[in-house]
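Participant: With chain A held as given, fit chain B onto it using these hints.
As you go down the protein sequences, you meet chains A and B in turn.
With full-length UniProt numbering, the residue at position 287 of the first sequence is 287, and numbering never jumps.
With full-length UniProt numbering, the residue at position 142 of the second sequence is 142, and numbering never jumps.
Just so you know, the hints here were simulated from the structure itself, not pulled from any lab data.
Note that beta-carbon positions come from the ideal geometry of N, C-alpha and C, so glycine has one too.
Incorrect hints may appear among the rest.
Covered stretches of chain A (chain B as the covering partner; in silico rule of three or more C-beta atoms under 8 Å from a C-beta of chain B) [claimed, not checked]: (1) 167 to 181; (2) 301 to 307.
Subject to a maximum C-alpha distance of 27 Å in a straight line, what follows is the list of computed DSS-like cross-link-like pairs (lysine-lysine) [said to hold, decoys possible]: (3) B/Lys279 with A/Lys279; (4) B/Lys306 with B/Lys268; (5) B/Lys202 with A/Lys127; (6) B/Lys202 with B/Lys279; (7) B/Lys233 with B/Lys200; (8) A/Lys125 with B/Lys279; (9) A/Lys127 with B/Lys279; (10) A/Lys279 with A/Lys233; (11) B/Lys220 with A/Lys220.
Number of protein chains: 2
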Amino acid sequence: MAAHTAICQWSFGQHFNQETRRISCNRDGNALELFRSSSWKHIISSKTQCVKQCTSPMPFLGTRNVPKKGGIHALLPNTMSPSMPAELLDSWDDDYNGVVVDSASLPSSANAFASALRASLSSWKLKEKKGIWLKLFQEQSDLVPIAIQEGFDYHHAEPGYIMLTYWIPDEPCTIPSSPSHQIGIAGFVINDNREILVVKEKCSCSCVGVWKLPTGYINKSEEIFSGAIREVKEETGIDTTFLEMVAFRHVHRVAFEKSDLLFVCMLKPLSSEITIDEKEIQDAKWITPEELLGQQFYSEDEMSRKLIEICMATYENCYNGYTAHQLISKFDGKLSVLYYYNNNLNMI
Amino acid sequence: MAAHTAICQWSFGQHFNQETRRISCNRDGNALELFRSSSWKHIISSKTQCVKQCTSPMPFLGTRNVPKKGGIHALLPNTMSPSMPAELLDSWDDDYNGVVVDSASLPSSANAFASALRASLSSWKLKEKKGIWLKLFQEQSDLVPIAIQEGFDYHHAEPGYIMLTYWIPDEPCTIPSSPSHQIGIAGFVINDNREILVVKEKCSCSCVGVWKLPTGYINKSEEIFSGAIREVKEETGIDTTFLEMVAFRHVHRVAFEKSDLLFVCMLKPLSSEITIDEKEIQDAKWITPEELLGQQFYSEDEMSRKLIEICMATYENCYNGYTAHQLISKFDGKLSVLYYYNNNLNMI
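For reference, chain A alone in the conformation it holds in the complex (with noise of 0.2 Å):
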C-alpha cells in the first residue's frame, strides 16, 4: 500500500543518501547509482515490467563489501586460465543477491578490465549471484563494447554515464525498467473577470495559431504545483499561486516511445500585465471562455472540450479538484506531496 512503500522509501532512502554521500567521495564527487529497497519491490512487483527477459535486484549499499584500491580484490582460479590467478572488480553484493560493480575503482586498461569482467562473472556464477550493476562514465566508453561483449546489456543512461546489466540465473529477469513516464503540467489561469491566460505557442504542428492553456514539462524532482506555476510564469510573466490539480490525462508511446501524464492545475492569478517568453511563445492574452470554446480546434476534439468544461466547473465552484499537502514521515523526514480532495476528510 503507498504509505506502506511510502515508508519502504523514506527508511532506505536515507541510508540511499548517506552512502551515495559516502561513495562519491571516492569519485570526483561522481556518486554511483544506489536503488532503494522499496522502489526495487515496487519495480519486481510488476512483472511484465522487465527489462527483455530478463529482474536484478536493485544495488543497495546496506550489505557492501568494501572495495580494496586497484580494482582487485580478489584472487580466484581463472576460469580463462586455470594455471594463472586472474584479478576480480571491486563490488559489493546488494540486497537480492545482486551486485555493483565499483565504478570508482576499475582497472584503468580495456585488456585488464576484460579480463577482470570475465573472472568476476565466473566468481559470480559460482556464488549464484544474480543480477550485475555495471555503471560506465563517459570518460569510461571504452569499457562499453567490453561489456556489451561479455554479455551486458544496457539498461539506462544520462549525460555522463550509462548503466549496464547481466542477469545470471536461469529463471525470467526482473531488472527494474527505466523511468517511463515525463510529466507535463497545463496552468488554468482565470481572472476575476472570468479571463482565461491563454498563450499561442511558436511550434510547427497542427495547432500552429490555436490559443490554448500555458503547458510544459515539469524540471527534475519538481513538484508539479510549483512546475504549472513556473511555467505560467516563464511563457506569460504572470505569476500565479496554486489552488487545484482538477484532472489529469495519460496517454502512452509519445517521445522515446515512453508514456505522458499531463496534470492540469488551476491557478489564481497573482498579476495581470502579460510579459510573454519571445522564444516559445508567439502571443499571450487574456481570453473568455466563450472565445476560447469558440474555436474551431476545441469544436472537433472531444478531450479539450472536456477539459475546459471541468476547469470551468472548478472556477464556478461546482466541481472539487485535489489540493497538495506536504507531509513528512518520520522515518526520514522526506517531504512528499500527497494529492487528494480534502473538503470532506474533517467528517472522519
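Facilitator: Then chain B, alone, in the frame of chain A:
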C-alpha cells in the same frame, strides 16, 4: 493547454507510427527513435529540464531527406584532410533544425564511422544545425567510444540501444531529458463486510511483517486503473473492478535518482478467495480498518494514516475521487484516459 497538447500529440503520433513502421523495415524490425513535435514543444517549454548545459530539437521525420544506401550519401571537403573527399553519414533533418543520423546505414568499420562522423559534424556545423541525434544499437557498441571521443554525450538507453546527442550552437542546449518518473499503484479493495484486502510482502526492508495494501508499478503503456487491477490479481488472486483514483503521492529521488508517482485506486472486489503470489507475497488476508490502522507502523507515519483515511472516506461516500474516462481524439483516433471528478459536470 492540455487539450491542445493532446491534439498535437495525437496528430503527430499517427505520423510517428507510420514513419516508425517504414524505417523499421530497414533494420530488422529495429525502429529508429522518432519523437513527436508536441512532446518536444512540451519539453522545451521546461528550460531547466535541459540535459547539462545542452537543448536539442526532437528528431522528427517531417522533413526527412531520404538517405542513400551504404552510410554514404554526399561528398564535401573533408576538414580533416582537405585533399580528399570525406564520407558523410546518412541522416535526415528534424523539424527543429536538428539532424537524426540513420542508425540503419552506418559504416561497418570503426575507422570509416569515425571519419564520416567527423566530416558530418563539420558539415552540420557549416549548415548551422542544432541538435544531433545518434542512436547506436547493441551490436554497434564499438562505435560508442568513437562518438564520445567526437564530443557526443549519452542521452538515454534501453536494452538493445543507446541514444547519444551532440549540441552544436553556442547557446544553452534544450535537449529534453529522458523520462523522469515511475508510476506506481496501490489497490484499496474493501468488501461488503467492511474488510480491506491486505498483504505482507517478502522484502528485506524496514516494514517486513506489516499488513499493507497491494502495490506495484504499472507496465509499459498500461493504464493506471488496469495496473491496479492486475497487481491486486497477481498478488492476491482477487478479481476487482476500478471505482476511483482517490489520491496520489509524488516523491523524488527514488530509483535512478528519478521520481515516483503512486496512485491510490479504490477497487471493488469481484471474488473473495485469496491465492497469493508465493514469489512476492508472504501472506494476504481481509482485515478490518481498525486492525490495519492499529499496527504500530501506521501510528508512526502521517502519510500512511492519511491515505487510509481518504480510502475509508471514499468507501463511506463522504469523499470524491477521480473516475477514469476514455476519450478518443478525432485527430488520430488514439485512446487516452482522462481522470477527473465527474459528479458535478452535468451542472455545466
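Participant: Look at each hint and say if it fits the structure.
Facilitator: The hints, checked one at a time:
1. 167 to 181: holds (count 6)
2. 301 to 307: With 7 residues close enough to chain B, the hint holds.
3. B/Lys279 with A/Lys279: violated, 53 Å
4. B/Lys306 with B/Lys268: Holds: lysine 306 of chain B and lysine 268 of chain B sit about 21 Å apart, inside 27 Å.
5. B/Lys202 with A/Lys127: Given that 27 Å is the threshold and the Cα spacing comes to 22 Å, the pair holds.
6. B/Lys202 with B/Lys279: holds, 8 Å
7. B/Lys233 with B/Lys200: holds, 15 Å
8. A/Lys125 with B/Lys279: Roughly 22 Å between the alpha carbons, so the hint for lysine 125 of chain A and lysine 279 of chain B holds.
9. A/Lys127 with B/Lys279: holds, 21 Å
10. A/Lys279 with A/Lys233: holds, 14 Å
11. B/Lys220 with A/Lys220: Holds: lysine 220 of chain B and lysine 220 of chain A sit about 21 Å apart, inside 27 Å.
Of the numbered hints stated above, the single one contradicted by the structure is hint 3.
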